[in-house]
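Based on the provided sequences and hints, a complete structural model is requested.
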Amino acid sequence: MMPALVCAFWISLAASLYLVLSRDTLRCVIGLGLMGNAVNLLLLASGRLQYTQPAVVPPGESALSLAANPLPQALVLTAIVIGFALLCFSLVVVMAIAERSGKDDLLLLRHTEPEDTAPVVPSFLEKEKETP
Amino acid sequence: MTTLILLPVLTTLATMLCTIFTVRRQHWQQWISLVGSGTLACVTLILLQQVLAKGPALTALGGWPAPYAILFRVDALSAVMLVLTALMACAALVYMASEVDPLPPHPLTHPLLHGALAGICGALCTADLFNLYVWFEVILVCALGLLALGNLGGRMLQLDAVYKYFAPNLLATLLLLIAVGLIYAATGYLQFDALHQAAPALPEALVTVLVATLLLALLIKSAAFPLYAWLPASYPALPVAVMALFAGLLTKVGTYAILRMAGDVFSPTPGILMEGLGWIAAITMVAGVLGAAYHWDIRRILSFHIISQIGYILLAIALGGLAPDSTSAHNAYGAALFYTVHHIIVKANLFLLAGLVFACTGSFDLRRVGGLVASHPLLALLFAVPALSLVGVPPLSGFWAKLLVLQEALAQGRMLWAAIALSVSFLTLYSMLKIWQEAFWKAHPSAKPQKTSRSLAPAWLTITVLSGITLLLGISPQQLLAVSVLAVRSLGGGP
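Chain order of the listed sequences is A and B.
Position one of the first sequence corresponds to residue 1 (our numbering), numbered consecutively onward.
Position one of the second sequence corresponds to residue 1 (our numbering), numbered consecutively onward.
I should point out that these hints are in silico values taken from the structure, not numbers from a laboratory.
One or more hints might be untrue.
Where chain A lies over chain B, by a calculated footprint (3+ residues, C-beta under 8 angstroms) [as the list claims (entries may be wrong)]:
(1) 134 to 141
(2) 175 to 183
(3) 223 to 237
Pair by pair, the computed Cβ-Cβ distance ranges are [claimed, not checked]:
(4) A:E115 with B:P102: 42 to 48 angstroms
(5) B:L416 with A:E99: 46 to 52 angstroms
(6) B:W31 with A:S22: 45 to 51 angstroms
(7) B:M156 with A:S22: 18 to 24 angstroms
(8) B:V465 with A:F84: 39 to 45 angstroms
(9) B:H106 with A:E115: 43 to 49 angstroms
(10) A:F84 with B:H106: 36 to 42 angstroms
(11) A:M1 with B:P102: 40 to 46 angstroms
(12) A:L107 with B:A201: 28 to 34 angstroms
(13) B:M156 with A:Q73: 37 to 43 angstroms
(14) A:L107 with B:L206: 38 to 44 angstroms
(15) A:S62 with B:V465: 54 to 60 angstroms
Ideal Cβ positions, reconstructed from N, Cα and C, are used throughout, including at glycine.
Have a look at this one:
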């Protein structure tokens, strides 16, 4: 079980890193979603994975024996909920960006930053440029 | 005492709910918001006073005994940060009552703002690693909402800002989650005290990897080099009051968490990490201030200054981790806290002042404004106080903050770091002079500057009070210094 999980974790983490490094907005967002799932696998593995029993106390007993650790499962559940909400939000943002500007290349998205091609001109030089 | 610890989070959450219910009545919403932040200020002040008198307070949620329950723990460090959070909330909300922005705030601004404040309070109060992650997510979600709202420069500006804020910050929270998973797998605990006791038993190399992952995530959150470009790309899309609140608090929650992890939970932190943190701090200072020297939009200049000043705080934390003895470590951590307090007040004030410059002249672009010394001499005077304090001119608060950091760097023989910190001060002076020269000193480029008939009284009140606090901290820094050193003395399992 553990080797399979480790393989799954590293493969999905590598794939998601590859996607996140992309300049394409949609690829980056999908990469982040995939990375969230890879991290969830890691969280799950941080408990005792070798026990396949459920993480509940059997009837008539007061303590857990040979059971999975319930805490990482609770953590994963929280992380899944947050990750899912953020994935939906980010997909909407990416779609809105693509619809409004027709672009999905991050280098072309310069609405919040001045163009790097435009030289930064101090005011007194700008006036000189305007006069001729 | 038990309920008192929970009150900062509960107050902000309750205010958030009330402002959601009054979305259709903006006037009510504004008053509820103000009352809520005022209550938060009272609660945090009482909490600070109690913690200073009686020592750290803690409460366990969920009815479980100590290492399993979700703990809320407030020591003096958290309490000081909570008071500052409340102060900034009051300042931003009073300022929001004036009509500085071209458009009135979106009805959902208040609920989201209080949601972000709840996240900040939670991150400052919690004593549980996974809980810290959740509060960071709360802050992230509310910040994304605030960025997406409004229509300042066309929808594309908002969407672009949302995207550029979202991607690096989500990467940081995922890294934080990886660190949480790894730390839990290695120690079996998530709670700060239990981690502090369990960490020394682990091999040094393992602790180095765990803390490195954790610090990497938090460094992205605090906009340190090299992943800082999201900050100046997203903050200018916000309304002025919200921008000032974010500028004051959000990255500082990141540095608080770094101080908490490196100086408290995992102390003594491996030296190689602190050495690396020191260099990251030095490069962050230089990169931030060079960005500020390049740009012409006041908001972008000030955003880059946040990054540069984060470098000083990180440098103080790194010096604390590298300190040879505990007195020296306390001095350095105390300097980090003093610097944080000074920086939050000054930086938020500068952003609020930039809003007034916009309201008086009609632009944030330094090339299109001017003549403010002649038309608004009081504004020029109020700008000079935080601007010179940011540079570090005596006798303002920034001078003492920089002096404390430099003293510690020189005492530890870190001449290169001290030299970088000093030269960055000169570059800070250059970019502040640029704002002064362009916005205040030169004549307005267009012959007839537009007159504003908007009501700006609350904005003037806010910046006057904040400048007054900066002056006061500069004239008598002893009290804050005493509180800072007292606050960091309990770090790392101290009394």
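Structure-based check of each hint:
{"no.": "1", "hint": "134 to 141", "result": "holds (count 4)"}
{"no.": "2", "hint": "175 to 183", "result": "holds (count 5)"}
{"no.": "3", "hint": "223 to 237", "result": "holds (count 5)"}
{"no.": "4", "hint": "A:E115 with B:P102: 42 to 48 angstroms", "result": "violated, 23 angstroms"}
{"no.": "5", "hint": "B:L416 with A:E99: 46 to 52 angstroms", "result": "holds, 51 angstroms"}
{"no.": "6", "hint": "B:W31 with A:S22: 45 to 51 angstroms", "result": "holds, 47 angstroms"}
{"no.": "7", "hint": "B:M156 with A:S22: 18 to 24 angstroms", "result": "holds, 21 angstroms"}
{"no.": "8", "hint": "B:V465 with A:F84: 39 to 45 angstroms", "result": "holds, 43 angstroms"}
{"no.": "9", "hint": "B:H106 with A:E115: 43 to 49 angstroms", "result": "violated, 29 angstroms"}
{"no.": "10", "hint": "A:F84 with B:H106: 36 to 42 angstroms", "result": "violated, 25 angstroms"}
{"no.": "11", "hint": "A:M1 with B:P102: 40 to 46 angstroms", "result": "violated, 59 angstroms"}
{"no.": "12", "hint": "A:L107 with B:A201: 28 to 34 angstroms", "result": "violated, 49 angstroms"}
{"no.": "13", "hint": "B:M156 with A:Q73: 37 to 43 angstroms", "result": "holds, 42 angstroms"}
{"no.": "14", "hint": "A:L107 with B:L206: 38 to 44 angstroms", "result": "holds, 40 angstroms"}
{"no.": "15", "hint": "A:S62 with B:V465: 54 to 60 angstroms", "result": "holds, 58 angstroms"}
Comparing the model with each earlier hint shows violations of hints 4, 9, 10, 11, 12; every other hint is respected.
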